[in-house]
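Chains as they are written, first to last, in our numbering: chain A, 1 to 105; chain B, 1 to 105; chain C, 1 to 105.
Worth flagging that the hints you see were computed from the coordinates, not collected in a lab. Treat the hints with care, as some may be off.
A pair holds if it fits inside one copy or across any two, identical chains being indistinguishable in the list.
In silico SDA-like links for lysine to any residue, alpha-carbon gap of 25 Å or less [stated by the list, open to error]:
no., residue 1, residue 2
1, Lys-8, Ser-59
2, Lys-104, Asp-2
3, Lys-70, Ser-59
4, Lys-5, Ile-16
5, Lys-70, Val-18
6, Lys-5, Glu-57
7, Lys-5, Phe-85
8, Lys-70, Ile-16
9, Lys-5, Glu-19
10, Lys-70, His-3
11, Lys-5, Ser-59
12, Lys-5, Lys-20
13, Lys-23, Gly-68
14, Lys-70, Glu-57
15, Lys-15, His-87
16, Lys-70, Asn-27
17, Lys-20, Phe-84
18, Lys-15, Glu-57
This is what each chain is made of:
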Amino acid sequence: MDHHKASKVVIITEKIIVEKVAKLIENAGARGYTITPAGGKGSRGVRSTNRANVVDEFSNVKIEVITGSKDAANRIADDVAEQFFDHYSGITYLEEVEILRPDKF
Amino acid sequence: MDHHKASKVVIITEKIIVEKVAKLIENAGARGYTITPAGGKGSRGVRSTNRANVVDEFSNVKIEVITGSKDAANRIADDVAEQFFDHYSGITYLEEVEILRPDKF
Amino acid sequence: MDHHKASKVVIITEKIIVEKVAKLIENAGARGYTITPAGGKGSRGVRSTNRANVVDEFSNVKIEVITGSKDAANRIADDVAEQFFDHYSGITYLEEVEILRPDKF
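Taking the hints into account, I'd like the entire structure generated from these sequences.
Okay, structure coming up:
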């Protein structure tokens, strides 16, 4: 099967805003996203999980979006950062991936 | 330590077929795989998790396989898509990674 | 917003050493890390999860660190492997990512 370049946007942020982030992603035209539980320590120096329970408490989420459009990927990353990261902890970054069936993304 | 190029295959699909996908991966000669709980919304427009519980229900899995062989990576991605994705929700994509100890993969 | 190249180190290892790995990451100067629950099968042929419960038991963790310094990324990957992987199961690999706000990493 032919493979095609695509972009993955990764957003790690607080669980409490996941619905809003999902809506922003859908409005940007992406056809799907994946959510994974996440914990850790952020760049503000505020630990999102208790040291004692660092592996059992997942108060963050990792949201991943794959899109064939690099422009859409950039826009999602920029918009999430601008709309949410002044008030909520979060980071966002992009990766290049290869997809098999571009009609699914 | 020297670093070497390798390929990561990522498969996001329904929890119910994880055993079958794991077997396909092992038969392809990969020496290991990682499984993470996952939820989200797929390209069929069928939400795998309830809107109200989007972050607490993880009915999907994310399976990651790293292999030094790009051919094996392509074959795993193609075979998983062909064998399972007509009947189950799922996506698969590839990424380039750098590994330290090629004998472990 | 401008995007900048950065490195992601991924470490998949046993939950029991997550505190030690987190300390090593912090000592290397990284400003944060993300932890996700993980299960699977490793290169030693020792399955970390029971076959019957492969998707419900997550006795491993996936730790991800993003840093603007490729040297720091290499050092974290090398140090984790050297200090822990003779005695604990684990793999580590690196990916290239694009970040938006380098001051956060």
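For each hint, the structure was consulted:
{"no.": "1", "hint": "Lys-8 / Ser-59", "verdict": "both (23 Å within a copy, 21 Å between copies)"}
{"no.": "2", "hint": "Lys-104 / Asp-2", "verdict": "within (14 Å within a copy, 29 Å between copies)"}
{"no.": "3", "hint": "Lys-70 / Ser-59", "verdict": "neither (29 Å within a copy, 29 Å between copies)"}
{"no.": "4", "hint": "Lys-5 / Ile-16", "verdict": "neither (32 Å within a copy, 29 Å between copies)"}
{"no.": "5", "hint": "Lys-70 / Val-18", "verdict": "within (22 Å within a copy, 31 Å between copies)"}
{"no.": "6", "hint": "Lys-5 / Glu-57", "verdict": "neither (35 Å within a copy, 30 Å between copies)"}
{"no.": "7", "hint": "Lys-5 / Phe-85", "verdict": "between (29 Å within a copy, 20 Å between copies)"}
{"no.": "8", "hint": "Lys-70 / Ile-16", "verdict": "neither (27 Å within a copy, 33 Å between copies)"}
{"no.": "9", "hint": "Lys-5 / Glu-19", "verdict": "neither (28 Å within a copy, 29 Å between copies)"}
{"no.": "10", "hint": "Lys-70 / His-3", "verdict": "both (16 Å within a copy, 12 Å between copies)"}
{"no.": "11", "hint": "Lys-5 / Ser-59", "verdict": "neither (32 Å within a copy, 28 Å between copies)"}
{"no.": "12", "hint": "Lys-5 / Lys-20", "verdict": "neither (28 Å within a copy, 28 Å between copies)"}
{"no.": "13", "hint": "Lys-23 / Gly-68", "verdict": "within (19 Å within a copy, 30 Å between copies)"}
{"no.": "14", "hint": "Lys-70 / Glu-57", "verdict": "neither (34 Å within a copy, 30 Å between copies)"}
{"no.": "15", "hint": "Lys-15 / His-87", "verdict": "within (13 Å within a copy, 31 Å between copies)"}
{"no.": "16", "hint": "Lys-70 / Asn-27", "verdict": "within (16 Å within a copy, 35 Å between copies)"}
{"no.": "17", "hint": "Lys-20 / Phe-84", "verdict": "within (9 Å within a copy, 32 Å between copies)"}
{"no.": "18", "hint": "Lys-15 / Glu-57", "verdict": "both (12 Å within a copy, 13 Å between copies)"}
In the structure shown, a violation is registered for the earlier hints numbered 3, 4, 6, 8, 9, 11, 12, 14, in ascending order.
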